[in-house]
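Keeping the supplied structure of chain A fixed, place chain B upon it in accordance with the hints.
Line by line, the protein sequences give chains A and B. So for the first sequence, the working numbering puts the first residue at 425; every next one is plus one. So for the second sequence, the working numbering puts the first residue at 13; every next one is plus one.
One or more of the hints may lead you astray.
Claimed, not checked - In silico negatives: residues of chain A with every beta carbon more than 12 Å from chain B: (1) Thr466; (2) Lys838; (3) Ala871; (4) Ile909; (5) Asp920; (6) Asp955.
Said to hold, decoys possible - With a straight-line cut-off of 20 Å between C-alpha atoms, the simulated PhoX-like cross-links for lysine-lysine are: (7) A:Lys958 to B:Lys144; (8) A:Lys838 to B:Lys104; (9) B:Lys172 to A:Lys671; (10) B:Lys172 to B:Lys133.
None of these hints come from the bench; they were simulated from the model. We put the CB at the ideal spot given by N, CA and C, even for glycine.
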Amino acid sequence: MAERIIQTADLSNINRSLSALGNSLDQISGQIDVVDQNLNATQQDLVNLWQEFRDFVAADVRAKEISLAETRQVKIRQELDTSYGHYGQVRRIATGILQAADIKIVRQETMQNATEELMLLTPKYWLAPALVALGAWLNDNKDLAQKALSEALKRDDEKTTLFFALVSRRAQRLAACQTWLDRYLGQQDPFNLDRQTVVLVDALVNGVFGASVRMQCSSRIEQWVTELEAQAGFVEEQRSQWEDAIKTKYPNQDFSKNYPRLYKAVPSSDWQQISESLNHTQIHSILHKYFSDIFEGEIKPSPSLNDEVDLLLDKLVQNFDDEELPLRQQEHLCQLIIDEMGDRSVAEEKYRLEEKTLSDMVSFTQLLTNAAMHPQLSHASVATQRYAIALSKQWIVDAHQDLTASIRAEFPQKLTLNLAECNWTGETNNGSNEALLLQDLERHIEAQKQQAIANVKLQMPTYIKAVIGGALILLTGFAVWAIVIGAALLWWAFMDYKNLDNQKKNVAQHYEYLKEQSANELKAILAEVVDMRKQLMHQDSESSLVSDFFNELSSKEYLMSAHDKGRNLMAG
Amino acid sequence: MRKLLTAESAKKQDTDLRLSSNSILTGTKVSSPVELERALRMPRSKKYLEYIKILDTGTHHSNKTSLQELKENIQKELPEAAMGLLIGIVSKCYLGAPYEVHTLDFFGQIIEHYKVGESMKSELERARTLAKHHNYMCIEVYSDRMVAISDDGTAAIINK
Chain A
425 MAERIIQTAD LSNINRSLSA LGNSLDQISG QIDVVDQNLN ATQQDLVNLW
475 QEFRDFVAAD VRAKEISLAE TRQVKIRQEL DTSYGHYGQV RRIATGILQA
525 ADIKIVRQET MQNATEELML LTPKYWLAPA LVALGAWLND NKDLAQKALS
575 EALKRDDEKT TLFFALVSRR AQRLAACQTW LDRYLGQQDP FNLDRQTVVL
625 VDALVNGVFG ASVRMQCSSR IEQWVTELEA QAGFVEEQRS QWEDAIKTKY
675 PNQDFSKNYP RLYKAVPSSD WQQISESLNH TQIHSILHKY FSDIFEGEIK
725 PSPSLNDEVD LLLDKLVQNF DDEELPLRQQ EHLCQLIIDE MGDRSVAEEK
775 YRLEEKTLSD MVSFTQLLTN AAMHPQLSHA SVATQRYAIA LSKQWIVDAH
825 QDLTASIRAE FPQKLTLNLA ECNWTGETNN GSNEALLLQD LERHIEAQKQ
875 QAIANVKLQM PTYIKAVIGG ALILLTGFAV WAIVIGAALL WWAFMDYKNL
925 DNQKKNVAQH YEYLKEQSAN ELKAILAEVV DMRKQLMHQD SESSLVSDFF
975 NELSSKEYLM SAHDKGRNLM AG
Chain B
13 MRKLLTAESA KKQDTDLRLS SNSILTGTKV SSPVELERAL RMPRSKKYLE
63 YIKILDTGTH HSNKTSLQEL KENIQKELPE AAMGLLIGIV SKCYLGAPYE
113 VHTLDFFGQI IEHYKVGESM KSELERARTL AKHHNYMCIE VYSDRMVAIS
163 DDGTAAIINK
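One chain only, chain A, in its complex shape (with noise of 0.2 Å):
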């Protein structure tokens, strides 16, 4: 009797151990399962913290580079308003003498003060002698004039010759004029142009010259041009000059934004690519909208030709003196640094391309070029723009041309997509094979589910509870305590068993989410694929637009005012 109660007693409270046991063992393989699961976003979080980082690095330095470029900046401008900054009151002076010549409301000795102590005040600066002589000249003083001229032609001989030939264009002195004008000309060498030789074609396109001075003009500007064409390369070199020209103006927008997950899916030698692309073909548009901006409109020509010449004036004396030239390059490298948001490479890269626009010398094309492409930098007016545009015209068809097929030629063909989350690598073109793509991802996450389920098996701690259970029993003759333990042992290593069945549901109902999700992840990967090509297509359609604008450019005239009351006409 007391033998059977404690036989019922223990096998009930194995029973519920045992029992227990199981449930907790559903419940550890349920846990599991969610590790894998957290494992799995866990890995997708790194990957994202990892591009998170190094986004906020890459913006770090742009923040830095930025700031650095303004500190920058501001001491180029302190170093310029130290060390030039007296040459200020100088230029303003130059307008000043002539205005106040014009009216006559101030003294002749003022006048002549005046321009005494601006000669005390900036030594080896041409304009002060400059305007020594212009007053002794409108004070009828021609010993003062000849000799201040003398000194002013010593210091900077071009500059001065310029001058005085508009100084005497605003006095209606027409011969003079043609004389100074001659001595720059002949100083002149279309292969090595001083950079202010820019304000001249200003003048002359401005119709700031009478007629007989213009013919002359225009005639040694052919001259230059004949000499420049002869030489071996010619075309070949203003191509080149007009592609690097034209990259100038190449957009460096991120695209990140606009293709998120593409640009997650792509390695980033693709992903470079394709922004590459993206920015370059925008180069169409927005050259076609920078040339029809430039040819819009009617340029309204100041009122008074003394208006026209002061302003040719104040240009000659503020913005081409070589001796600042190196400080204004710096600052010109600092301000491309803060326009491109502080990518270095970018800006120096486009420094590079511009680079010849500040440089001192330059030939007649690229003045011609500059003046198209950077009138701020080179302070070229609108009519020289059209000018030199008209005059470039065949060049920028040429090198558009070659860019566009450059562009073309870089175009992103085959791309490699990954699915971190799957381990999945398939490759695309446009996105035309979405079908395919699709099998080929199913096929891989149910080989992973395959792989997963075939992994689910009893493990050698279940084999060892089975064999002591089974052994225990058969070695002690049936003794009753071993029959017990054994039966336990049996009955847990049967419960691992009967859970593999869950832990196998669990997991292929894991890798079925996971296939919903990355189909989904791909869908939307490859829309963003199509989206990208259709833009893409779309910009580079749009080059048509520039050889369009040129074709109808050439059947144009432009008519350019001139303050002789003639017209001019420039055929484009």
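Structure of chain B alone, referenced to chain A:
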């Protein structure tokens, strides 16, 4: 009225070159790299474009004599100095899917059609993207550059 210096002089020079393009392009020797580039930039003749069009068809696929004849005809339309540098011509294939481009290999003396994704000889592979572009009839691949020829015969140069 006086024409200021016009774009005409630049245009005229270019037109002159184009008018004389036949003489430059039809196998005439050019001596300097600049002259070669200038010659390669000349618009291709109608004959040349016709020859490129028939690469897809005709007997030259199977008949070596016919292929040789076609090759010689094409060569006649190109500057002689460029012949030593010409590796091959790549153009869009109109045989239909799965074919994408075909090549006339001046070394291998064969015309080959390539399917989508099928690798081409490495020197010619770089022309594939351009060859597929609808704007270009064919791409001439030289050892130091590629020349993209549009349907109207105009040429754009992509230096290596």
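How the hints compare with the structure:
no. : hint                 : result
1   : Thr466               : 36 Å, holds
2   : Lys838               : 7 Å, violated
3   : Ala871               : 23 Å, holds
4   : Ile909               : 66 Å, holds
5   : Asp920               : 49 Å, holds
6   : Asp955               : 20 Å, holds
7   : A:Lys958 to B:Lys144 : 16 Å, holds
8   : A:Lys838 to B:Lys104 : 17 Å, holds
9   : B:Lys172 to A:Lys671 : 17 Å, holds
10  : B:Lys172 to B:Lys133 : 17 Å, holds
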